[in-house]
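**Q** Residue numbers (the working numbering), protein chains in the order written: chain A, 18 to 367; chain B, 18 to 367; chain C, 18 to 367; chain D, 18 to 367.
Just so you know, not all the hints are guaranteed correct.
If chains are identical, the list can't say which one is meant, so a pair holds when it fits in one copy or spans any two.
[Said to hold, decoys possible] Listed below are the simulated DSS-like cross-link pairs for lysine-lysine, each with C-alpha atoms no more than 30 Å apart in a straight line:
1. Lys273 with Lys243
2. Lys269 with Lys155
3. Lys109 with Lys298
4. Lys243 with Lys269
5. Lys68 with Lys181
6. Lys109 with Lys269
7. Lys286 with Lys129
8. Lys298 with Lys206
9. Lys242 with Lys273
10. Lys319 with Lys129
11. Lys52 with Lys20
12. Lys73 with Lys129
Think of the hints as simulated: they come from the structure by calculation, not from any bench.
There are 4 protein chains.
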Amino acid sequence: MIKVGIIGATGYAGAEIARILLGHPEAEVVWYGSKSYVGEEFSSIYGNFFKIIDDKCLDDNMEELANEVDVVFTATPQGLCASLINEDILGKVKVIDLSADFRLKDVTEYEKWYKIEHKAPSYIEEAVYGLCEINRDKVASARLVANPGCYTTCSILTAYPLVKEGLIDPDTLIIDALSGVTGAGRGAKVANLYCEVNESVKPYGVANHRHTPEIEEQLGYAAGKKLVLNFTPHLVPMNRGILATEYATLVKKDGKLPTAQDIRAAYEKYYGNEIFIRLLKDGVYPETRFVQGSNFVDIGFKVDERTGRVIMMGAIDNLVKGAAGQAVQNMNIMFGLDETMGLRIVPKCP
Amino acid sequence: MIKVGIIGATGYAGAEIARILLGHPEAEVVWYGSKSYVGEEFSSIYGNFFKIIDDKCLDDNMEELANEVDVVFTATPQGLCASLINEDILGKVKVIDLSADFRLKDVTEYEKWYKIEHKAPSYIEEAVYGLCEINRDKVASARLVANPGCYTTCSILTAYPLVKEGLIDPDTLIIDALSGVTGAGRGAKVANLYCEVNESVKPYGVANHRHTPEIEEQLGYAAGKKLVLNFTPHLVPMNRGILATEYATLVKKDGKLPTAQDIRAAYEKYYGNEIFIRLLKDGVYPETRFVQGSNFVDIGFKVDERTGRVIMMGAIDNLVKGAAGQAVQNMNIMFGLDETMGLRIVPKCP
Amino acid sequence: MIKVGIIGATGYAGAEIARILLGHPEAEVVWYGSKSYVGEEFSSIYGNFFKIIDDKCLDDNMEELANEVDVVFTATPQGLCASLINEDILGKVKVIDLSADFRLKDVTEYEKWYKIEHKAPSYIEEAVYGLCEINRDKVASARLVANPGCYTTCSILTAYPLVKEGLIDPDTLIIDALSGVTGAGRGAKVANLYCEVNESVKPYGVANHRHTPEIEEQLGYAAGKKLVLNFTPHLVPMNRGILATEYATLVKKDGKLPTAQDIRAAYEKYYGNEIFIRLLKDGVYPETRFVQGSNFVDIGFKVDERTGRVIMMGAIDNLVKGAAGQAVQNMNIMFGLDETMGLRIVPKCP
Amino acid sequence: MIKVGIIGATGYAGAEIARILLGHPEAEVVWYGSKSYVGEEFSSIYGNFFKIIDDKCLDDNMEELANEVDVVFTATPQGLCASLINEDILGKVKVIDLSADFRLKDVTEYEKWYKIEHKAPSYIEEAVYGLCEINRDKVASARLVANPGCYTTCSILTAYPLVKEGLIDPDTLIIDALSGVTGAGRGAKVANLYCEVNESVKPYGVANHRHTPEIEEQLGYAAGKKLVLNFTPHLVPMNRGILATEYATLVKKDGKLPTAQDIRAAYEKYYGNEIFIRLLKDGVYPETRFVQGSNFVDIGFKVDERTGRVIMMGAIDNLVKGAAGQAVQNMNIMFGLDETMGLRIVPKCP
């Protein structure tokens, strides 16, 4: 049985790791770390766990944790994981970081977009970007995994095969994304109050959202060259779910546009055997409700001959495939377990 | 492996049975019956099941079904199950009826409240009212189980121990209940359109909702006498969940009101060993989000010395403990399985 | 033109006063007071007012305000108005207090329920409880009006005629109420975050909500005797609206229950000429969406012969008739204007 | 006083015309036409109008209507207005058609996208496209106005000045739009039930939504050439509001990208004097809640030097500026009234 510690267990992503691991036969949480609720019962914060999780919250003590568990999930704000990590820690315990600290390979990019100094730049190189479907080989031997962002997971996976296969011009890529409010975290901010969010939608982080360089870096690897793109997130009044609608100009071959069959073949090539990626039927587009609570990525697309573009659409549950679920998927890979263990959760709808 | 047929599988309760049984190790659905979608893939209606359930919808053919399955769930409007049932059917297959057809023991009450003729009154006597925590012994040997209504499950279980122990005057009982919109079904009605329900609450069925006689009959058994009460349901803009807030005057003993400890002791007496009933701590009251997707009933209470009343509050997921979950719980009991099999679902929140 | 100052203008009730007064031909806001946003443009907080209100927020300076305006609305937490009021202030300016400071006539009750010391008990006697439809004569000559609470406005008006006429036994009165989330204010609290409130309902303040003594005091005047009752508020996922469902045992006359006609006659007697109270037709019950944004109180009822009770139901917009609208209505009365001036707002639905 | 008839008064757009005209000093509705509710009180369908509108619904009788009113609004499905219109009608009464029947100048485009035969093609030429801010001169003398679609109003106005001024390459234009559910109408369809829409977002009509040719035609006039673009609508769980996020590549002048100042100047040139278009400050982006219930169009933008694109964002209330409000604005222009009469509605938030 793998012993698990969660730093930041009382945030939405941390609590979702707890929920998922309750259904995992080979792992159990033994440390619910928290900054604000030390000594309180975990189930007094998340009443859904009443009579299911009896533990009290402990502090976010990485040193001690490293001695007691096999793997630590850090579900905390940017900067914390980088400030806690060192050779001693990584010698004792595997770390899966749900923050952005080790996602970008270029530390100057990190410091530019996040506006904080990176406290452990020497581990950036070693850290593996844990987008499981793309990087699972590297994840298998990693000590430190940078769990991808929610928007990025959805945005990258939705476009990856078409970029990789050269079917679209990566410089034309535009990503318009919608997110439920759990993506904003559980901090007490006026902007996230019910009455500020309900019955409205808004764009934010226009042309400067921090997930932009992460998407660009990863899709750049697929394209084989640097790229810049537009990414615009919007806040939508619902608890969970990310939908990415992505636009790109198709690359003609021999003067002809790729067909819907060509596009489908590319998706099938990369995702045909993936359990968690569901390529929808023609004419069917993803809806976030259909992945709710699950680790699925639902992907649909439409070739528009009129404009020569393809519209790619992907949906995930931001707390599962966009955070906790993918983190557990990474854990499974790192420990040599069946990658889907504990994660074959059936989406609940409505 | 128990073979299961669902009549009305494309309604919300039917689909929820399908969802729950995907996690049941000893039962599998082999017949997804539908009136409106015969021949269509089940997952084309509920996209959450895409690549999980491959079956197409079959018709609502009870005769044929009885030859092919071990148990039939009828998740259909009132009147249908009664019109389909007969000795031949019940000789071949167990039936768990999620409609109201066999819930009331007095056929004239049924016909008065439901305003339809009962087509199989001879089976009313035999049918067991499947409120598992109260009637599990009778359910164990039943051929035909009347699965309780959603409001009734919540309302009865919240008050039962106090009525049974004589701690409250049953003639003073007032039940004020709130329901999410799945309770209204999946029929295409203007009243249930998003924009008619959203951003509003309303009472309905005031003093004449059909769940009233069901609550009265069952609590009457507990009280040892007939009783009438007020039950007022309200529609609330959320998908799932029922909350019942119940008021009753406490019965003095030796001139003294029962204390909170007395009340708690009564709940503990009946529910202390129940897996699915969670008696909340003092000062904690149920919230529907904490039971979402699960078979739990969360119960809290408050003794008000000022008024001499107790306020009892219960919460369930109307589609699970209020319909599909309890139906599966009944199935487990009928087939001699662990009662909680497939039902230890952790509530998801948010 | 009446000059208006608002202390607490950036809260939901304060901003609603601003919205309403934009449509008032005889009053204009000249002071948008705020604790947190001094110096910021009011429309930078409430973007709906962009290019409509150009003012910047000023501080909550009662002294200076009293010299500059004709009437001050205090839309602030309990305790502030009482701490600011004095003879000098009241000599210069009329004050309409939206907090609870001057609602209860018994200062010990205030201090017991609110758990703070009252800083200006000498003004409690003078203050007029501004429930316009009941107290408009007294309001007309008041210097200091205690604007009623949101739950209380709805709860009292819904039951008042039946209590006053002795049609119901006031000791049996039970009030079960639902509120949208604006009622919880605009403070940055985890409990009011979108994802904590959405898709759930919960009771709170069970048997100890602070609006209880206010309802009891006012209905006690109507009953001609002290009374205690149960009041249970619930939080519902919507922005605006309060619905009160109230239960009471009917008082027989000559051995007969009052009929629906008797009940209607009582409502008509008190509200027949009231512009803002709409007595619904038989069989029609209030829905909060139908009063949204308006100063209306919609009232319906049902006589239940089975139980001998009447169920009374009322709906208001908590920010309008439950706060800002009634405050403006009080202002109109105090300044001798048509009581409905600026308040004939048509509810918007959906 | 202008006498108004509404055909389709019981749909959401029709009822919104009724709401707006209650605040219009020079117009009154004398005919509430309906297909489904003839003979019923209008306020029995929209309870918000109880004691405000006393009229009963009449039938959708254009012939008779033309004799009784000065202007007819047709708020009906495509095809109906075209089937009712003729020289006799237009000789007696002005017609403002909220359907798409007269929006497209090319009848073959209409029949291709709408898949119905046009019944009155001879009036297409005469009909004026009622986008007031662009076409008010033509509207002033029109007998027949084609009131623009909701998505189109928002999409066109958001991009118009930049297209007109040649600041963006129109062939790169991509419009990603979000709509509240009132946009789907009040028809009883499963897809629009509360539980099908709530807690989810979905794209629809991808690359074939009917508002596409309307946007292309109008922006084509601005560009001075034909253009094709991508338009993707999404359904969002809220009652009202449309947000359009639009992307286009900036056109360099003398090797330099236009600056934010250049963009702002273009918007100011066209909208500087427009009452209903609010150009937001730098760094502020539109949120649908801030235009709710009003006739405003809020527009913001961001120049992204990294990608050489501009992101334009616009928000409207789909039922007001996107339907009923603009229809009334057109009426005002047609009758020589102040264009804003009855339309200076302050947005309500929250």
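**Q** All the hints need checking, so say for each whether the structure fits it.
**A** Here is what the structure says about each hint:
1. In this assembly of identical chains, the alpha carbons of lysine 273 and lysine 243 lie at most 30 Å apart whether taken from the same copy (26 Å) or from different copies (23 Å).
2. In this assembly of identical chains, the alpha carbons of lysine 269 and lysine 155 never lie at most 30 Å apart, being 34 Å within a copy and 44 Å across copies at closest.
3. When the C-alpha separation of lysine 109 and lysine 298 is checked against a cutoff of 30 Å, the pair qualifies neither within a copy, at 46 Å, nor between copies, at 39 Å.
4. Taking the shortest alpha-carbon separations for lysine 243 and lysine 269, both the intra-copy value of 21 Å and the inter-copy value of 23 Å come in at or below 30 Å.
5. Taking CA atoms no more than 30 Å apart as the test, lysine 68 paired with lysine 181 passes between copies only; the shortest distance there is 25 Å, against 48 Å inside one copy.
6. In the homo-oligomer, the alpha carbons of lysine 109 and lysine 269 never lie at most 30 Å apart, since the shortest distance is 52 Å inside one protomer and 56 Å across protomers.
7. Within a single copy, lysine 286 and lysine 129 get their C-alpha atoms no closer than 36 Å, and across copies no closer than 36 Å, so neither meets the 30 Å cut-off.
8. For the homomeric pair lysine 298 and lysine 206, the shortest alpha-carbon distance between copies (23 Å) is at most 30 Å, but the shortest distance inside one copy (41 Å) is not.
9. Taking the shortest alpha-carbon separations for lysine 242 and lysine 273, both the intra-copy value of 24 Å and the inter-copy value of 25 Å come in at or below 30 Å.
10. For the identical chains of this complex, lysine 319 and lysine 129 are inter-copy neighbours only, at 19 Å across copies versus 36 Å inside a copy, given an alpha-carbon limit of 30 Å.
11. Taking the closest pair of Cα atoms, lysine 52 and lysine 20 come within 30 Å of each other only inside a single copy of the chain (21 Å); across copies the shortest separation is 49 Å, beyond that limit.
12. Proximity of lysine 73 to lysine 129 under the C-alpha cut-off of 30 Å is found in neither arrangement, the shortest distances being 38 Å within a copy and 34 Å between copies.
Checked against the numbered hints given earlier, the structure breaks hints 2, 3, 6, 7 and 12 and satisfies all the rest.
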